[in-house]
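Trainee: Chains as they are written, first to last, in the numbering used here: chain A, 1 to 138; chain B, 1001 to 1144; chain C, 2001 to 2160.
FYI, nobody ran anything at the bench for these hints, they're computed from the structure. Note that the Cβ used here is the ideal one computed from N, Cα and C, for glycine as well. The reader is advised that the hints may include incorrect statements.
One side of the interface only, derived from the structure: several residues of chain B facing chain C at Cβ under 7 Å [to be verified]:
#1 E1070
#2 P1072
#3 Y1139
#4 T1140
In silico lysine-lysine, BS3-like type, Cα no more than 30 Å apart, as pairs [as the list claims (entries may be wrong)]:
#5 C:K2159 to C:K2057
#6 B:K1043 to A:K100
#7 C:K2135 to C:K2011
#8 A:K20 to C:K2122
#9 B:K1141 to B:K1122
#10 C:K2079 to A:K20
#11 B:K1141 to A:K20
#12 C:K2118 to A:K117
#13 C:K2002 to C:K2059
#14 B:K1141 to A:K117
#15 C:K2039 to A:K117
#16 C:K2079 to C:K2135
#17 C:K2122 to C:K2079
#18 C:K2039 to C:K2015
#19 A:K117 to C:K2152
#20 C:K2079 to C:K2059
#21 B:K1105 to A:K96
#22 B:K1122 to A:K117
#23 C:K2011 to C:K2110
#24 B:K1043 to A:K96
#25 A:K96 to A:K36
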Amino acid sequence: MSFNILIVDDSAAMRSIISKTLRLSGLPLGEIHQAKNGVEALEVLEENWVDLALVDINMPVMDGETLINHVRENPDTEDLAIIVVSTESSETRIEKLLEKRVEFIHKPFTPETLREKVCHLTGVEYGTSTVSSNNFDF
Amino acid sequence: MEQALYQATILTFEELGFMFPVPDMDVLGLDPKTSSAISIDFKGDFDGRLVLQVESSMMPTIAENMLGEEMPVEEEMQRDALGEIANVICGNALSMIAGKKAVFKLGAPQFMTEIEETEDPKAVAHFNLEEGRAEVLLYTKGKQ
Amino acid sequence: MKHIIGIADMKVSSKPDDTLITYALGSCLGITAYDPVAKVGGMIHIMLPLSSVNPNKAKENPYMFVDSGVPEFFRACYKAGAVKQRMIVKVAGGASTHQSDKEDQFQIGKRNFLMLRKLLWKNNVLIESFDVGAKHSRTMLLDMETGDVTLKIQNEETKL
């Protein structure tokens, strides 16, 4: 079984970091979709089957919390596995988010922390990386 | 407030940038002509702005480290990477200053095309890194 | 057979009855890599983060520094039959050598680990598990039959 992933963050750099971590984690991956705000994310979800979404909170146009509310209200996506990846530290806000059945990773995070969370959520054990060497790495 | 800026900056540069900022007690500011800066507006328990300013020569290294790239990274992505560093510093610093009950909304990071000091910051933190110098400035409005 | 890896040293093995061991990891880093399919792996004991502080020394002995030693270590593992994508990497050490961070002016332990993490990230390697920091010394063992890594800290043994 391969997992289709959606990464939602207004930072292209952060989307790239998360994408690279997923590819190194050994998770069997299908499509990795990216969106820079909640509106784009909903468009992706409309058109594609997604197994796991990694969502930032502070984004322009539509923030992560609003996106999560929309996702949970839609019967087609109400059970989507979601990991919030955010600097959010407010206990009140985090509690509210956890009530929406999401997991939470605090920025800054190490790639290993993200891998652990993803593998735990998907039930996949740490696998071998799917990244092959290029001319620049050892 | 300064303590929070120092802690949040060290944490962020280490974890995301694999860089080692050392607090610098020399308060000489960075030269705007050879610096790059990101500004983030925030609203919440108190409103204000955080500015991260670094020597421009550091930009490629910051991006390459974050992305795990050996190849040079495009300028737009370099700005994006610096913006994300600023975003993470801001979120963490505000929580350290205002406590875990506080709620803030952070605006999108803005690359500053002109670096001008129009007002006095509430707190400043200066850093030396192997790659160059950096500064984090916190401006606040109203009551904190 | 027990093989002791000294400071700024490394060893690769493909013999299931070998145990690789390194002692007294203070601010130094002990790094193990193990391919569980090929049952090939090794251990390296690194002292300092960057070879640019002493390029001549790095030429003499690349295993002294993270940036010169770790790539050589990985290549030695590949030569012995390990496959990169299968290699499990574990790290121990990087301790502070003083009572407080303020006194540990150079923070070599921390810098070693940071340099290693940057190098591995750029080279598409994630760490499986690590035990770094704090102020105590560590002994690290790699069992070549199972790939198990054991740490000895103040007379207590734990699996990493």
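Trainee: Decide, hint by hint, whether the structure agrees.
Mentor: Going down the list of hints, with the structure as the test:
1. E1070: Hint holds; B:E1070 Cβ to chain C Cβ min 6 Å, cut 7 Å.
2. P1072: Constraint on B:P1072 not satisfied, violated at 13 Å.
3. Y1139: 29 Å, violated
4. T1140: 29 Å, violated
5. C:K2159 to C:K2057: Not OK: C:K2159 and C:K2057 at ~34 Å, beyond 30 Å, violated.
6. B:K1043 to A:K100: The given pair, whose Cα atoms are some 24 Å apart, holds under the 30 Å limit.
7. C:K2135 to C:K2011: 26 Å, holds
8. A:K20 to C:K2122: Given that 30 Å is the threshold and the Cα spacing comes to 10 Å, the pair holds.
9. B:K1141 to B:K1122: 9 Å, holds
10. C:K2079 to A:K20: OK: C:K2079 and A:K20 at ~26 Å, within 30 Å.
11. B:K1141 to A:K20: 39 Å, violated
12. C:K2118 to A:K117: Holds: C:K2118 and A:K117 sit about 21 Å apart, inside 30 Å.
13. C:K2002 to C:K2059: 28 Å, holds
14. B:K1141 to A:K117: 38 Å, violated
15. C:K2039 to A:K117: Roughly 28 Å between the alpha carbons, so the hint for C:K2039 and A:K117 holds.
16. C:K2079 to C:K2135: Distance ~36 Å between C:K2079 and C:K2135 Cα, so the pair is violated.
17. C:K2122 to C:K2079: Holds. C:K2122 to C:K2079 sits at ~21 Å (cutoff 30 Å).
18. C:K2039 to C:K2015: 8 Å, holds
19. A:K117 to C:K2152: 28 Å, holds
20. C:K2079 to C:K2059: Roughly 20 Å separates the two Cα atoms, so the pair holds.
21. B:K1105 to A:K96: 15 Å, holds
22. B:K1122 to A:K117: 38 Å, violated
23. C:K2011 to C:K2110: Holds: C:K2011 and C:K2110 sit about 24 Å apart, inside 30 Å.
24. B:K1043 to A:K96: With a Cα-Cα distance of about 19 Å, the restraint between B:K1043 and A:K96 holds, given a limit of 30 Å.
25. A:K96 to A:K36: 23 Å, holds
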